[in-house]
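Working from the sequences, and respecting the hints, build out all of it.
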Amino acid sequence: DVKVTQSSRYLVKRTGEKVFLECVQDMDHENMFWYRQDPGLGLRLIYFSYDVKMKEKGDIPEGYSVSREKKERFSLILESASTNQTSMYLCASSLLDTPEETQYFGPGTRLLVL
Amino acid sequence: KQEVTQIPAALSVPEGENLVLNCSFTDSAIYNLQWFRQDPGKGLTSLLLIQSSQREQTSGRLNASLDKSSGRSTLYIAASQPGDSATYLCAVRDFGNEKLTFGTGTRLTIIP
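Sequences listed follow chains A and F, in order. Position one of the first sequence corresponds to residue 86 (our numbering), numbered consecutively onward. Position one of the second sequence corresponds to residue 3 (our numbering), numbered consecutively onward.
Source of the hints: derived by calculation from the structure; they are not laboratory data. Computed from a predicted model, the values in this text were never measured in an experiment. Each residue gets a CB set at the ideal place from its N, CA and C atoms; glycine is no exception. Be a bit skeptical, because a hint or two may be false.
[Unchecked claim] Here are some chain F residues pointing at chain A (derived, C-beta under 8 Å): (1) G45; (2) L46; (3) Q53; (4) R57; (5) T89; (6) N99; (7) E100; (8) K101; (9) L102; (10) F104; (11) T111; (12) P114.
Right under this line is the structure:
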């Protein structure tokens with residue numbers, strides 16, 4: 086079974102803190118994704134990566150950065166957390182360019198910024 | 003830019019009924035369409051994936067259809083059970099793109 090794990094289920098941070106969200110997958114997938122999910126807005130893509138050290142902006146990259154130093158690990162960084170970044174963050178992974186393959190999601194990290 | 007819409011946002015039905023969830027998308031040049039399930043506070047679980055060349059996919063009591071020309075997909079759930087209560091999300095992957103575009107989901111409640 087594909088397993089995508091996220092470092093924390095719940096996080097509480099203060100405005101201005103630097104926040105690291107970690108995601109690890111165990112299936113040697115090339116693609117990894119970070120989404121945020123908000124009520125009424127659905128899932129929106131923040132960043133994705135199709136290879137080590139490669140990254141591409143998604144639909145809402147402002148205020149975020151990412152790091153992929155190893156194939157299995159994809160980190161989302163909030164350089165200076167703000168209250169409008171309070172959200173559910175979901176990581177996913179998939180094989181590269183295979184139409185029959187889905188994205189596999191982690192359990193999510195619920196972040197509260199005070 | 004692809005847009006995915008799911009209506010209604012919420013649906014309640016008595017246990018045992020068959021039901022249909024709807025998804026529409028604006029750009030028909032899609033690579034595949036997927037249906038996911040999300041339980042409260044959890045991640046997403048893939049239910050069915052329909053490739054661009056396919057018309058439908060079935061898994062147990064679930065059947066998903068795809069009509070690219072009209073920009074629509076339906077998820078049919080037969081003989082609904084309380085355990086089917088969850089949010090169901092539709093997502094589209096466009097050609098030449100690794101990204102998924104998600105609808106906002108339909109929250110389904112099965113009443114025992």
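Hints, one by one, checked against the model:
1. G45: holds (4 Å)
2. L46: Result: holds, 4 Å to nearest chain A Cβ.
3. Q53: Cβ of F/Q53 sits 5 Å from chain A, so the hint holds.
4. R57: violated (15 Å)
5. T89: With a minimum Cβ separation of about 10 Å from chain A (threshold 8 Å), the hint on F/T89 is violated.
6. N99: violated (10 Å)
7. E100: Holds - the Cβ of F/E100 comes within 8 Å of chain A, reaching about 6 Å at its closest.
8. K101: holds (6 Å)
9. L102: holds (6 Å)
10. F104: holds (4 Å)
11. T111: violated (17 Å)
12. P114: violated (26 Å)
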